[in-house]
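Let the sequences and hints guide you as you build the complete structure.
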Amino acid sequence: MLSQFETLPDALRSRGVRRRQFLKFCSAMVATLALPDRYFGQVVAALEARKRPVLVWLEFQDCAGNTESMLRSGHPTVAETVLELLSWEYHETIMAGAGKQAEAVLDRMVKEHRGEYLAVVEGSIPMGDGGVYCTIGGRTALDIARGVCGAAKATIAVGACAWDGGLVAARPNPTGAVGLEEAVPSVPVVNLGGCPHNPANTAAVLVHYLTFGEMPALDQYNRPLFAYGKLIHDQCERRAHFDAGRFVQDWGDEGHRKGWCLYKMGCKGPEATFNCPSVRWNDGTSWPVKAGHGCLGCASHRFWDTRSPFYERLPHVAGFGVDVPATSIGMGLAGVVTAATVAHAVGSAVRAKVRPEEPEPPSGEGAGQGPAGA
Amino acid sequence: MPRIVVDPVTRIEGHLRVEAQVEGGAIADAWSSGTMFRGIEIILRGRDPREAWIWTQRICGVCTTVHALTSVRAVEDALGIEVPDNARIIRNLIAGTQLVQDHVIHFYHLHALDWVDVTLALKADPGKTSQLAESISTWPKSSRNYFKAVQDRVKKLVDSGQLSLFASGYWGHPAYHLPPEANLLAVAHYIEALEFQREFIRIHSVLGGKNPHLQTYLVGGMASSMDANEPGATINTERITQLRELARSARSFVEQVYVPDVLAVAGFYKDWFGRGEGLGNFLAYGCYPMGSIKDHAKFFLPRGIVLNRDLTQVHPVDPANIAEYVSHSWYEYSGGDAQSKHPFDGETNPKYSGPRPPFQQLDTEKKYSWLKSPRYQDQPMEVGPLARMVVAYASGHQEVRTLVDGVLAKLGAPPAALFSTLGRVAARAIETALMARHLEGWVNELDDRMSHGDVRIHDGRLWDPASWPREARGFGTHEAPRGALGHWIEIEDKAIKNYQAVVPTTWNAGPRDAKGQRGAYEAALLKTPVADGERPLELLRTIHSFDPCLACAVHVADARGNTLAHLQVD
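Chains as they are written, first to last, in the numbering used here: chain A, 1 to 374; chain B, 1 to 570.
Derived from the structure by calculation, the hints contain no laboratory data.
Idealized CB from N, CA, C, for every residue including glycine.
Honestly, I wouldn't trust all of these hints.
[As the list claims (entries may be wrong)] Selected chain B positions facing chain A (Cβ under 10 Å, derived; list incomplete):
#, residue
1, K156
2, G209
3, L218
4, A233
5, W370
So this is what it looks like as structure tokens:
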């Protein structure tokens with residue numbers, strides 16, 4: 001079926017994209033995926049040979065924030081993704097058809113293209129009360145997820161809600177919401193947590209899949225290590241201020257104006273993993289800590305419950321192990337700070353060995369995924 | 001009488017189902033149903049009010065930021081906090097940016113395909129398209145070669161047999177009236193608008209770290225630190241330059257692409273000035289404070305109500321007159337469903353009584369939606385860009401009057417034409433043009449204050465919850481892109497006791513109330529022609545003209561602190 005379709009380079013050429021630009025795109029993808037340079041040729045070759053695979057994007061208990069985030073994608077742009085890289089055939093928020101015509105697309109996928117298409121899921125799935133809290137075309141979210149993801153070649157869950165139920169599953173979880181993995185355990189899922197997902201990572205996962213025919217290396221939560229393998233704290237541009245004991249004490253104070261560390265304002269960076277500081281958002285423009293607000297740990301497991309209250313200072317900072325209580329941080333004890341930084345590397349390595357085999361929600365994550373996890 | 005069911009209604013935010021009864025080629029009756037429920041307000045209970053904005057922002061990712069803004073305003077109202085001027089201006093700038101970006105996306109990516117037949121673009125003469133483009137705008141991307149390249153791109157897509165997002169459209173439908181060249185022009189701008197929105201929204205990223213879901217609000221102000229000469233400050237001289245350039249880019253795009261396109265498309269669909277009228281009642285809270293948040297008279301867009309299409313009178317708004325019905329919603333009131341309840345006294349016990357999924361049709365005689373039915377003094381109201389422009393026009397807002405009269409003159413339509421499907425499209429474009437003009441001025445104002453040494457962005461006197469009274473309650477409002485938005489909060493012992501959001505799409509898309517009065521969608525659909533019941537393109541035009549946002553619209557609160565009853569589905 002796919003053989004009748006054009007290749008990506010044909011498509012790009014047809015609209016006047018020069019090879020140089022195509023190679024630039026491949027190069028950006030290699031960088032995001034943190035692949036060695038020698039893979040560059042392979043990415044180019046794979047994208048050149050590949051026919052346009054079909055993608056369907058399902059939305060359940062969502063806010064469409066992940067859809068909107070995808071629309072902000074810069075490399076590739078959403079126009080390139082939708083028109084040239086993939087055939088984006090179902091996506092409620094932006095597709096042309098509605099009602100019967102829209103549902104016919106899903107039927108066609110499941111019946112005629114079994115095992116050929118990629119499925120992306122946004123939003124949680126309500127398991128309570130027979131699934132009445134989310135229906136589309138009169139069918140429950142669970143019914144649709146089982147049918148469509150069960151027949152997909154690969155499935156990606158974007159955003160916190162599709163991963164672990166997200167905000168919808170936060171206490172007291174009124175609708176019995178869960179993530180895709182829990183709702184449909186038979187389907188292997190790659191989770192791209194975050195609120196929302198960062199489209200740079202999602203694009204990189206798609207390209208990796210198109211290039212190598214498999215998903216990138218995953219962690220215990222089935223998240224790609226290239227994006228979720230490092231502590232925010234360790235990549236943070238304000239880290240030097242933390243190490244030097246320079247903290248924002250009040251919103252708008254001198255430290256805030258000078259870009260000092262936000263730890264005392266509740267920043268969850270020391271316990272959160274994500275490549276937010278390096279990839280940033282909106283085509284590399286900024287990220288929350290750069291913009292002056294603490295990290296929420298939005299890529300952490302069950303973050304709405306495990307990382308809130310968001311303005312409360314973390315009791316222990318992962319980098320300082322268990323020896324340094326939060327109260328003594330920021331006292332200007334440079335010697336202690338330096339020693340503790342060294343201890344951090346050792347501590348991370350040790351903790352990595354005792355990383356739990358099973359997903360362990362609250363506060364275990366930062367400790368479990370230091371440098372050794374990457 | 002055949003019943004048309006459109007589910008999902010696509011090119012909207014969220015999960016909307018519309019059922020319509022068609023008689024003699026037109027809609028005789030219609031029912032609007034929200035089919036998704038999350039219960040965010042229940043989840044909020046017991047949490048820190050200072051972070052309510054972080055949670056409520058996730059009510060919607062399309063109108064991201066509007067719930068965050070309204071939430072901090074509600075908490076500030078409860079605690080009696082006025083934010084510093086810089087914070088007020090930054091908030092206006094963020095909200096104005098969101099409005100412009102959201103309206104552009106709505107027209108090109110959510111609504112245009114109701115008017116534009118993508119496949120007809122293939123029949124266009126690129127040279128004539130260039131002439132058309134140059135006759136309506138000075139936008140530089142207008143050469144024959146440019147449109148030829150766009151056409152080739154579309155042709156390649158069609159020839160591939162994989163039409164992607166366009167695979168399931170109603171192409172060839174008799175209700176499409178644009179000549180091929182206008183279709184090609186619109187397709188080119190569909191793609192350009194995708195690029196524009198992505199670039200322009202970097203204003204949010206600069207000020208709030210990311211979009212969607214900015215991370216920069218604070219109860220008492222903003223987290224965007226200011227210092228002209230500090231590279232580590234969120235706002236410094238360099239960033240001001242960046243913000244200014246982005247604001248200018250919006251003005252260019254809106255004035256040279258969006259508005260001319262709306263006028264050009266509208267010119268071929270003037271019959272839609274006479275369709276989709278709806279309620280004729282319009283409510284606007286007004287917004288963009290130019291001084292104190294309590295000084296409504298100085299809002300950039302005025303507050304008011306216009307009843308029965310009467311542009312000679314603007315009635316005052318008193319939030320005490322707002323109440324919600326659940327008579328046709330999947331909830332129960334303890335005192336019976338015939339009464340309505342004010343948000344502060346709100347009570348919600350979800351009780352699904354619809355058909356067991358999978359189902360074909362709702363029982364619209366009974367309860368049929370997860371949306372409630374808000375009413376003002378027991379009357380249904382339309383909210384949104386049209387309501388804002390109507391209220392501003394009737395209030396004598398000079399800039400709005402000039403813009404509205406200019407557009408109407410170009411289209412040869414009287415002011416009454418505004419009360420229509422196409423009137424909503426026009427009002428949205430007019431409002432975008434208005435806002436795009438003012439963004440740069442707000443950046444300049446911020447710059448000016450900063451260079452005079454005012455870098456205050458937060459009032460921290462009540463930051464510590466220990467300084468709060470034991471009990472407090474308040475509400476905040478905003479004019480979101482889709483209309484009047486209000487959040488009500490009750491605080492007790494430093495925690496959220498009750499939270500309630502009454503949201504634009506709830507006003508517009510809600511079901512009938514206890515008296516059987518239709519909401520704005522249901523009323524607007526009446527008499528809408530439907531040429532082909534299998535492909536109800538005309539129905540989508542009217543629904544899309546409201547810019548539905550269903551995730552926002554479905555909410556739940558329970559002032560009594562009850563937990564959700566588990567439902568029986570039989």
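Cross-check of the supplied hints:
| no. | hint | in the structure |
| --- | --- | --- |
| 1 | K156 | holds (4 Å) |
| 2 | G209 | holds (3 Å) |
| 3 | L218 | holds (6 Å) |
| 4 | A233 | holds (5 Å) |
| 5 | W370 | holds (8 Å) |
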